[in-house]
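Enquirer: The chain contents come next:
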Amino acid sequence: MGLEQKAGNMGIVTARLEDVVNWARTNSLWPMLFGLACCAIEMMSAQASNYDLSRFGMELMRASPRQSDLMIVAGRVSRKMAPVLRQLYDQMPDPKWVIAMGDCASCGGVFNNYAILQGVDEIVPVDVYVAGCPPRPEGLIHGILTLDEKVKQEKLKNWA
Amino acid sequence: MEDLLKPITETIHQRFGVEAHESHGLVSLTIHPEQLISLVKTLRNEFKFDMLAAETAVDYWPEQSPRFHMIYELYSTPQNIGLELRVPLDGNAPSLPTLEILYANANWHEREVWDMFGIKFEGHSDLRRILMPFDWEGHPLRKDYPLGYEELQFTFNFDQVMIHKPHPKS
Amino acid sequence: MPDYREVTLEDLRNLVTDRAVTGETMLLNMGPQHPSTHGVLRLLLELDGEIVLNCIPDIGFLHTGVEKNMEAKTYQKAEVMTDRLDYLDPLGNNLAYCLAVEKLLDLDVPPRAQAIRVLLTELTRLNSHLLWLGTSALDLAAMSVFLYCMREREIILDIFELCSGARMMTTYFRPGGLWRDVPVEFEQAVRNFLRIFPKRIDEYESLLTKNLLFRDRTRNIGKISAEDCIRYGVTGPILRASGMAYDVRKVRPYSGYEQYDFDIPTRTEGDVYARYLVRMEEMRQSVRIIQQALEKMPLGPVRSNDRKVVPPPRSEIGVSMEALIHHFKLWTEGFPVSKGSTYITIESPRGEMGVYMESDGGPKPLRVHYHTPTFVNLQALPLMARNHFVADVVGIIGSIDVVLGDADR
Numbered sequence: 001m002g003l004e005q006k007a008g009n010m011g012i013v014t015a016r017l018e019d020v021v022n023w024a025r026t027n028s029l030w031p032m033l034f035g036l037a038c039c040a041i042e043m044m045s046a047q048a049s050n051y052d053l054s055r056f057g058m059e060l061m062r063a064s065p066r067q068s069d070l071m072i073v074a075g076r077v078s079r080k081m082a083p084v085l086r087q088l089y090d091q092m093p094d095p096k097w098v099i100a101m102g103d104c105a106s107c108g109g110v111f112n113n114y115a116i117l118q119g120v121d122e123i124v125p126v127d128v129y130v131a132g133c134p135p136r137p138e139g140l141i142h143g144i145l146t147l148d149e150k151v152k153q154e155k156l157k158n159w160a
Numbered sequence: 001m002e003d004l005l006k007p008i009t010e011t012i013h014q015r016f017g018v019e020a021h022e023s024h025g026l027v028s029l030t031i032h033p034e035q036l037i038s039l040v041k042t043l044r045n046e047f048k049f050d051m052l053a054a055e056t057a058v059d060y061w062p063e064q065s066p067r068f069h070m071i072y073e074l075y076s077t078p079q080n081i082g083l084e085l086r087v088p089l090d091g092n093a094p095s096l097p098t099l100e101i102l103y104a105n106a107n108w109h110e111r112e113v114w115d116m117f118g119i120k121f122e123g124h125s126d127l128r129r130i131l132m133p134f135d136w137e138g139h140p141l142r143k144d145y146p147l148g149y150e151e152l153q154f155t156f157n158f159d160q161v162m163i164h165k166p167h168p169k170s
Numbered sequence: 001m002p003d004y005r006e007v008t009l010e011d012l013r014n015l016v017t018d019r020a021v022t023g024e025t026m027l028l029n030m031g032p033q034h035p036s037t038h039g040v041l042r043l044l045l046e047l048d049g050e051i052v053l054n055c056i057p058d059i060g061f062l063h064t065g066v067e068k069n070m071e072a073k074t075y076q077k078a079e080v081m082t083d084r085l086d087y088l089d090p091l092g093n094n095l096a097y098c099l100a101v102e103k104l105l106d107l108d109v110p111p112r113a114q115a116i117r118v119l120l121t122e123l124t125r126l127n128s129h130l131l132w133l134g135t136s137a138l139d140l141a142a143m144s145v146f147l148y149c150m151r152e153r154e155i156i157l158d159i160f161e162l163c164s165g166a167r168m169m170t171t172y173f174r175p176g177g178l179w180r181d182v183p184v185e186f187e188q189a190v191r192n193f194l195r196i197f198p199k200r201i202d203e204y205e206s207l208l209t210k211n212l213l214f215r216d217r218t219r220n221i222g223k224i225s226a227e228d229c230i231r232y233g234v235t236g237p238i239l240r241a242s243g244m245a246y247d248v249r250k251v252r253p254y255s256g257y258e259q260y261d262f263d264i265p266t267r268t269e270g271d272v273y274a275r276y277l278v279r280m281e282e283m284r285q286s287v288r289i290i291q292q293a294l295e296k297m298p299l300g301p302v303r304s305n306d307r308k309v310v311p312p313p314r315s316e317i318g319v320s321m322e323a324l325i326h327h328f329k330l331w332t333e334g335f336p337v338s339k340g341s342t343y344i345t346i347e348s349p350r351g352e353m354g355v356y357m358e359s360d361g362g363p364k365p366l367r368v369h370y371h372t373p374t375f376v377n378l379q380a381l382p383l384m385a386r387n388h389f390v391a392d393v394v395g396i397i398g399s400i401d402v403v404l405g406d407a408d409r
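Residue numbers (my numbering), protein chains in the order written: chain A, 1 to 160; chain B, 1 to 170; chain C, 1 to 409.
Pulled out of the complex, with its shape left as it was, chain A reads as follows (with noise of 0.2 Å):
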């Protein structure tokens, strides 16, 4: 009711560019299937009914990396598996974001040995790192709204 008001009668409303596209790409990010290992088994309860994450506009996890535009990588990278993260890093389109969930994507965990990479970050720049093992739906959650909040702070003048 408030919003017609201010708009009068001609139903324009002015803001920045940077806030509406902003508040567009917040509540529309669409992750990536990219579960490797336990952290994706608490990735799926966060998308499950308990822990809903389709609140927040994360409807489906899209399989297909050209059509989404956050990869939360949950669970451990080895080092077979490191060419294969970046090749899909590569084929996500621009604007994308990373979500190092649980502590071997963030910093090797558990494992400090030769086969784990220590840290998703030695070959993916990372936005949000969610500590943990494995990190509870609520934290995976803050974990999102944490980047959510990182969005929202992107200027004009740094895109493209």
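If you're looking for bench data, these hints aren't it; they were derived computationally from the structure.
Note that the Cβ used here is the ideal one computed from N, Cα and C, for glycine as well.
Warning: the hint list may mix true and false statements.
[Stated by the list, open to error] 30 Å max Cα-Cα, derived DSBU-like pairs, lysine-lysine:
id, chain 1, residue 1, chain 2, residue 2
1, A, K150, B, K143
2, B, K169, A, K157
3, C, K364, C, K77
4, B, K143, C, K210
[Stated by the list, open to error] Residues from chain B that keep clear of chain A, each with C-beta distances beyond 12 Å, as calculated:
id, residue
5, T42
6, K48
7, N107
8, M132
9, W136
10, Y145
11, L147
12, Y149
13, E150
14, Q153
15, F156
16, N157
17, H167
[Claimed, not checked] Derived CB-CB ranges, DEER-like:
id, chain 1, residue 1, chain 2, residue 2, range
18, C, D181, A, Q153, 22 to 30 Å
19, B, L152, A, K155, 50 to 58 Å
20, B, D3, C, D216, 45 to 53 Å
21, C, D106, A, R86, 44 to 52 Å
22, A, L145, B, D135, 47 to 55 Å
Mind docking chains B and C on chain A? Use the hints.
Expert: Relative to the frame of chain A, chains B and C by itself:
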């Protein structure tokens, strides 16, 4: 020793000359690499040990001979008894005949032992790396292969560790 | 990005049929990132139109080096890594590890600890089967079953959090017994769960068992006979659905399973539908075991008294000098385990899991090897998927219940 295993171990002692040891509830035979195929064939055909329950290796570095022990766990489903075979192997170019024709799941187990330890299996249909990337060098589970851990990053060595850590450029 | 060496058809010559070499059939890569492969499994399918002629699994994308890492840690600290192997059955992995350590040490576990171990292991089995049901039904396009199963899982995860503080990776079983006793609210929580759960299993059955679409997609798909199962060493629900009643809990009982009364469900067809029915019936038998364990739970201590292995309670440390010394030695050096080797098997929800543990007399293990069911069951996948459509391969992978952390360790 269980009653069902006693006649089996005695027959094997008469035919192949191997002694059975028991430790912590497991009966184990230590045999020579040359006796492996004939012994396993006897166990499978005569005594109905029809399932290969596990196949792995242990590295006893720095002892050079024997350096590896190859462990086979055989299990008999009709009689519900288990038996362990140990084959000591030398450190330089260890190799064994393959059990793939007798037990089909030895295929991947032997690939894993080749990948992790470097023990070659003669007659294997497809011996290549299974767990590590195909162009990896070295055999990780040997004791002289380093663990490869990254040094823990505290505040006093923060910068030294950051120099060696790879970072993406975009 | 590294340069790739081209894998030529020469390398694959003895794995694919001759028609692939001429180009008559197509080689399709069902890659590590795929919505239906339940983890990072790569399959190379040789296709003639839509029919799969051969299927080559490629694993190793989740190889964690757990076996090597455990050799560098003491026995207490190495147990933390066992949770993360088969991450749908963390308490089962803990149980296998603790049984192996207790066998090497000849340590006795008090009966109350054994009863609680059985109860929590069966709850974990329910957890794993519910997730299997949810994800494999999701692959066959029954999405509401996924949401219902996750709802039940949340209740079980709440029970785990009540006991140990963590939802999934609990490390609740320690060598000698449990970490600490279960709290007072545990019994009521389990009773509430047991009151509602059998009706929920009936709900899932009413959604799927007589459903024509589900039956068309799962009957006569992925058949394997019992002899082939034994030849490939395949155990678990796949073997039981092919006709052989082999369950490690009955043939080599551990941790007091001989006291409980339960059946082993078997079927004879050996296809995907039979495996589904076997797992649903196993869920009912698990509920039976949990009820009996709850009724018969004895009172008493939950951890062995051997202070060389089990840390003393905190209240004693301030009072007794020996308790302080034991605590110090356990945390700095770890407990030494006598020289020897052992092989322990348990029944995980996927099949028979074995732990081979060898010790050289020191505080760190010399070799720990996990013989995991998924590693063995995946070898039988090419046999099961021959001459089926590509869409059936998805259903077959779901019925094997693949967990890649188990296969790659």
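Enquirer: Against this structure, judge whether each hint is valid.
Expert: Evaluated hints:
A threshold of 30 Å between alpha carbons decides the hint, and for A:K150 with B:K143 the separation of about 47 Å lies outside it, so the pair is violated. Taken as a hint, the B:K169 and A:K157 pair is honoured in the structure, with Cα atoms around 21 Å apart against an allowance of 30 Å. Proximity of C:K364 to C:K77 is assessed by CA-CA distance (about 10 Å); at most 30 Å being required, the pair is judged to hold. With a C-alpha separation of about 55 Å, the suggested pair B:K143 and C:K210 falls outside the 30 Å cut-off, and the hint is violated.
Even its closest Cβ contact with chain A, about 39 Å, leaves B:T42 beyond 12 Å, as expected for a residue assigned away from the interface. Annotated as non-interface, B:K48 keeps its C-beta farther than 12 Å from every C-beta of chain A; the closest such distance is 39 Å. Against the 12 Å criterion, B:N107 stays outside the reach of chain A, whose nearest CB is about 20 Å from its own CB. Taking the minimum C-beta to C-beta distance to chain A, about 7 Å, the non-interface status of B:M132 is violated against the 12 Å cut.
The claim that B:W136 lies off the interface is violated: its Cβ sits roughly 8 Å from the closest Cβ of chain A, which falls inside the 12 Å cut-off. Residue placement check: B:Y145 does not keep its beta carbon more than 12 Å from all beta carbons of chain A (closest about 8 Å). The Cβ of B:L147 sits about 5 Å from the closest Cβ of chain A, inside the 12 Å cut-off, so the non-interface label is violated. Distance to chain A contradicts B:Y149 as a non-interface residue, since its nearest Cβ pair spans about 4 Å, not more than 12 Å.
Not every CB of chain A is more than 12 Å from the CB of B:E150 (nearest about 5 Å), against its label as outside the interface. Not every Cβ of chain A is farther than 12 Å from the Cβ of B:Q153; the closest lies at roughly 9 Å, contradicting the non-interface assignment. Listed as outside the interface, B:F156 is consistent with that label: its C-beta sits roughly 18 Å from the nearest C-beta of chain A, beyond the 12 Å cut-off. Distance check for B:N157 against chain A: the nearest CB is about 15 Å away, which clears 12 Å, and the non-interface claim stands.
For B:H167, the shortest C-beta to C-beta distance to chain A comes to about 7 Å, within the 12 Å cut-off, and the non-interface label is violated. With their beta carbons about 49 Å apart, C:D181 and A:Q153 fall outside the hinted range of 22 to 30 Å. At roughly 37 Å, the beta carbons of B:L152 and A:K155 sit outside the given window of 50 to 58 Å. Judged by the Cβ atoms, the range 45 to 53 Å given for B:D3 and C:D216 holds: they are separated by roughly 51 Å.
Here the CB-CB span from C:D106 to A:R86 is close to 50 Å, well matched to the stated 44 to 52 Å. Evaluation of the 47 to 55 Å hint for A:L145 and B:D135 yields a failure: the beta carbon distance comes to about 42 Å.
The structure is inconsistent with the numbered hints 1, 4, 8, 9, 10, 11, 12, 13, 14, 17, 18, 19 and 22, although it conforms to all the rest.
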